[in-house]
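Asker: Below, each chain spelled out in residue letters.
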Amino acid sequence: MSPKETASNLKMATLLARIIDELREANEKLELLVSSNHTLLDTQKELIRQTSAKKKPTQDLRLAPDVMTLLSLPMSLRKTVMVLYKLEKATAEDIAKETKRLRAVESSSANQLVRLGYLKKKREGRDVYFYIEPQLEAKE
Amino acid sequence: MNAKVISVHSSRGGTGKTIIATNLALLLAKKGINVALLDLDFRAPSLEMIFSEAIERPVKCWLNDFLNSQCEPEQLLIDVSEKYNLSGRLLIGLANPAIDAIRNIMEKSRSWEVTVVKKLFSLLSSLFTNMKIDCCIFDTSPGVQYSSINAIVSSDVSMIITTLDSLDLKGTENMLVDLFGALDKKPVILVNKFSPETRIKSNENNEKIIRRLEKTLKHQVIGLIPCYCDVLQTERTSLLAVEKPNHPFIKDLEKVSEALGYTLQK
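Chains as they are written, first to last, in our numbering: chain P, 1 to 140; chain L, 1001 to 1266.
Quick caveat, the hints were computed from the structure, so don't treat them as lab data. Don't take every hint at face value.
[As the list claims (entries may be wrong)] Label pairs and their in silico Cβ distance ranges:
# : chain 1 : residue 1 : chain 2 : residue 2 : range
1 : P       : Met75     : L       : Ser1125   : 39 to 45 Å
2 : P       : Ser76     : L       : Glu1074   : 48 to 54 Å
3 : P       : Glu88     : L       : Glu1214   : 46 to 52 Å
4 : L       : Met1106   : P       : Leu23     : 52 to 58 Å
[What the hints assert, rightly or not] Below, computed lysine-lysine pairings styled on DSS-like, alpha-carbon distance capped at 27 Å:
#  : chain 1 : residue 1 : chain 2 : residue 2
5  : P       : Lys86     : L       : Lys1208
6  : P       : Lys122    : L       : Lys1193
7  : P       : Lys97     : P       : Lys122
8  : L       : Lys1193   : P       : Lys120
9  : L       : Lys1215   : P       : Lys120
10 : L       : Lys1119   : L       : Lys1251
11 : P       : Lys86     : L       : Lys1193
12 : L       : Lys1208   : L       : Lys1186
Glycine is no exception: its CB is placed at the ideal position from the N, C-alpha and C atoms.
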């Protein structure tokens, strides 16, 4: 090996050593970042868990059947909600009288709205009543 | 058809909603019909100024307070029939024009808006059963806003005021499809500030223009009110139905009220 080649190889080896050092440093920084992100995520998860345990209505607030939300619902569900704005609580039959649709149709729509979280239902004797739950925030 | 609850709406501002709502209410009350007029334009309330001579200060209860469950319908509604010598009763419900009240409304949550629709229905129930009101008119905010959609949802008929300006017409057309179609509500359209020059140029009579508009908008057009320069120049707080009952603008509104199902022979 000529002295020129030896010098070039040495230069290459020094460069590679520097690259390896820098990569090691970058790797350490990334590990630190990932670890702090994990901690942050865990903290956020815990916060969400605590908030939803303490304040269940948060979910209801997102599902308030306001008029803008109404516009995003399918027509069949929209009609049912519009009747429940007017009536405090109503059975599927009460709703059907207003919408002039079949009781079974209203029962299906109202139950779907309950599943979606927009309506609540309660049993009183033999009747099942659907209603829009008054929101906590509404009484500000 | 006798529309008990009429919301007066438009796609854009400046079409003449408030002047039409106010004078229609006065006109009906003058003919012996018991009317309630509510200001649902919470962002730019006007009825408080228009009826300033008939209102006792300070106002005990604004519509804002009623919707916040802070007062009852009886405290909200102000009877102005005596002041204007009306045969029927005219009760007005005012929106609070104070900047804090406007800001407060703008900061409300979606869940509060649900309560508003229910409160409006309960107010209507009080008006028709306890207070023996025959007709309720909502003056709304233009465009798509919570207060106006709440009014549309709780009304029997929405009267959309438009001019023949292309922006107004296009806005109305879009609203008819996107809003009224979605809510399954059948509105009626009233053209205001119609320029007779338009008619001369296109060589069409009013009937033809109405038919053409109905074909485009696919909804009933109940009238074409010409642009009266003196009305435009009059103070917006003046009450034409009281001050100039024979004005052609008021005569046009008589036809509008008939189209809405109110016969005015009394």
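Asker: Could you run down the list of hints and mark each one as holding or not?
Answerer: Here's how the hints hold up against the structure:
Checked against the given bound of 39 to 45 Å, the beta carbons of methionine 75 of chain P and serine 1125 of chain L, roughly 26 Å apart, lie outside it. Separated by about 39 Å at the C-beta atoms, serine 76 of chain P and glutamate 1074 of chain L break the suggested range of 48 to 54 Å. At about 39 Å, the beta-carbon gap between glutamate 88 of chain P and glutamate 1214 of chain L misses the expected band of 46 to 52 Å. A hinted range of 52 to 58 Å holds for the C-beta pair methionine 1106 of chain L and leucine 23 of chain P, which are about 54 Å apart.
For the hint linking lysine 86 of chain P to lysine 1208 of chain L, the alpha-carbon distance of about 40 Å lies beyond 27 Å, and the restraint is violated. Restraint check for lysine 122 of chain P and lysine 1193 of chain L: not satisfied, since their Cα atoms lie roughly 53 Å apart, outside the 27 Å limit. A threshold of 27 Å between alpha carbons decides the hint, and for lysine 97 of chain P with lysine 122 of chain P the separation of about 20 Å falls inside it, so the pair holds. For the hint pairing lysine 1193 of chain L with lysine 120 of chain P, the CA-to-CA distance comes to about 48 Å; that exceeds 27 Å, so the pair is violated.
Annotation: proposed proximity of lysine 1215 of chain L to lysine 120 of chain P is violated, straight-line Cα distance about 43 Å (limit 27 Å). Between lysine 1119 of chain L and lysine 1251 of chain L the CA atoms are separated by roughly 35 Å; this puts the pair beyond 27 Å, and the hint is violated. Using a Cα cut-off of 27 Å, the hinted pair lysine 86 of chain P and lysine 1193 of chain L is violated, with the two alpha carbons roughly 36 Å apart. Pair hint lysine 1208 of chain L plus lysine 1186 of chain L holds up; C-alpha atoms about 22 Å apart against a cutoff of 27 Å.
The structure fails to meet hints 1, 2, 3, 5, 6, 8, 9, 10 and 11 from the earlier list, while all remaining hints are met.
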